[in-house]
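S.K.: Sequence:
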Amino acid sequence: MNEVSPIVRVRAIVPFHDCDPLQVVWHGRYLEYFELARTELFQDRGVDIPRIRDLGFRMYVADARCRYMFPLTYGDEMEVTAKAVAWKPMLRIVYSIRNLTKSRRSARGFTALATTDSSGRLLPETPNAIMERIFI
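Just so you know, our numbering puts 104 at position 104 of the sequence shown, and the rest follows in order with no gaps.
It cannot be assumed that every hint is accurate.
Claimed, not checked - Taking CB as the label site, the calculated pair distances span: (1) L122 to T39: 43 to 49 Å; (2) L31 to I7: 26 to 32 Å; (3) P21 to A64: 23 to 29 Å; (4) T116 to R29: 26 to 32 Å; (5) R104 to G56: 26 to 32 Å; (6) P124 to P6: 22 to 28 Å; (7) V24 to R53: 34 to 40 Å; (8) G75 to E3: 36 to 42 Å; (9) Q23 to R105: 16 to 22 Å; (10) P124 to H17: 38 to 44 Å.
Because the hints were derived from the structure by calculation, they are not lab data. By construction, the Cβ of each residue, glycine as well, lies at the ideal position given by its N, Cα and C atoms.
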């Protein structure tokens with residue numbers, strides 16, 4: 001099994017409703033942008049949320065970090081990348097947000113996902129049924 005998953009890329013234009021009165025993206029939106037890329041990564045690998053549930057598991061964000069580097073503003077084009085880099089004990093997804101309009105990296109970060117069985121019992125590590133799909 002590979003140590004790193006393929007990278008996915010999601011492009012979008014910053015909408016007005018994501019911005020504060022100064023037309024700068026509110027800091028909490030960056031985690032939502034991470035989520036867009038993570039969803040794309042999971043769908044690309046065939047393990048979106050419905051599939052994970054069908055396998056008998058649930059995944060929850062146990063840790064999230066975001067380092068802000070350069071602001072996104074209304075109308076900027078951005079590219080969000082995501083890749084999985086570790087799975088023991090938790091699946092870790094790393095992200096980067098690039099402001100394509102201004103040719104600068106806007107943020108980087110990660111989420112760590114814990115896995116439970118369908119009854120909510122925390123598992124000691126991410127199950128192979130999930131990892132084999134992400135790290136192929």
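S.K.: Does the Cβ pair Q23, R105 satisfy 16 to 22 Å?
M.R.: 20 Å, holds
S.K.: So the hint says 23 to 29 Å: do the beta-carbon atoms of P21 and A64 match that?
M.R.: 26 Å, holds
S.K.: For the pair T116 and R29, does the Cβ-Cβ distance stay inside 26 to 32 Å?
M.R.: 28 Å, holds
S.K.: Can you let me know if the beta-carbon spacing of G75 and E3 is within 36 to 42 Å?
M.R.: This hint holds: roughly 38 Å between Cβ atoms.
S.K.: For V24 and R53, compare the CB-CB distance with the range 34 to 40 Å and indicate the outcome.
M.R.: 37 Å, holds
S.K.: Do P124 and H17 keep their Cβ atoms within the hinted range of 38 to 44 Å?
M.R.: Given range 38 to 44 Å: holds, Cβ gap about 41 Å.
S.K.: If I claimed the Cβ atoms of P124 and P6 lie 22 to 28 Å apart, would that claim hold in this structure?
M.R.: Taking Cβ atoms as reference, P124 and P6 lie about 26 Å apart, which means the hint holds.
S.K.: Taking 26 to 32 Å as the stated bounds, is the beta-carbon spacing between L31 and I7 within them?
M.R.: 19 Å, violated
S.K.: Between R104 and G56, is the Cβ distance one that fits in 26 to 32 Å?
M.R.: 43 Å, violated
S.K.: For the pair L122 and T39, does the Cβ-Cβ distance stay inside 43 to 49 Å?
M.R.: 23 Å, violated
When the structure is compared with the earlier hints, violations turn up for hints 1, 2 and 5 and for no others.
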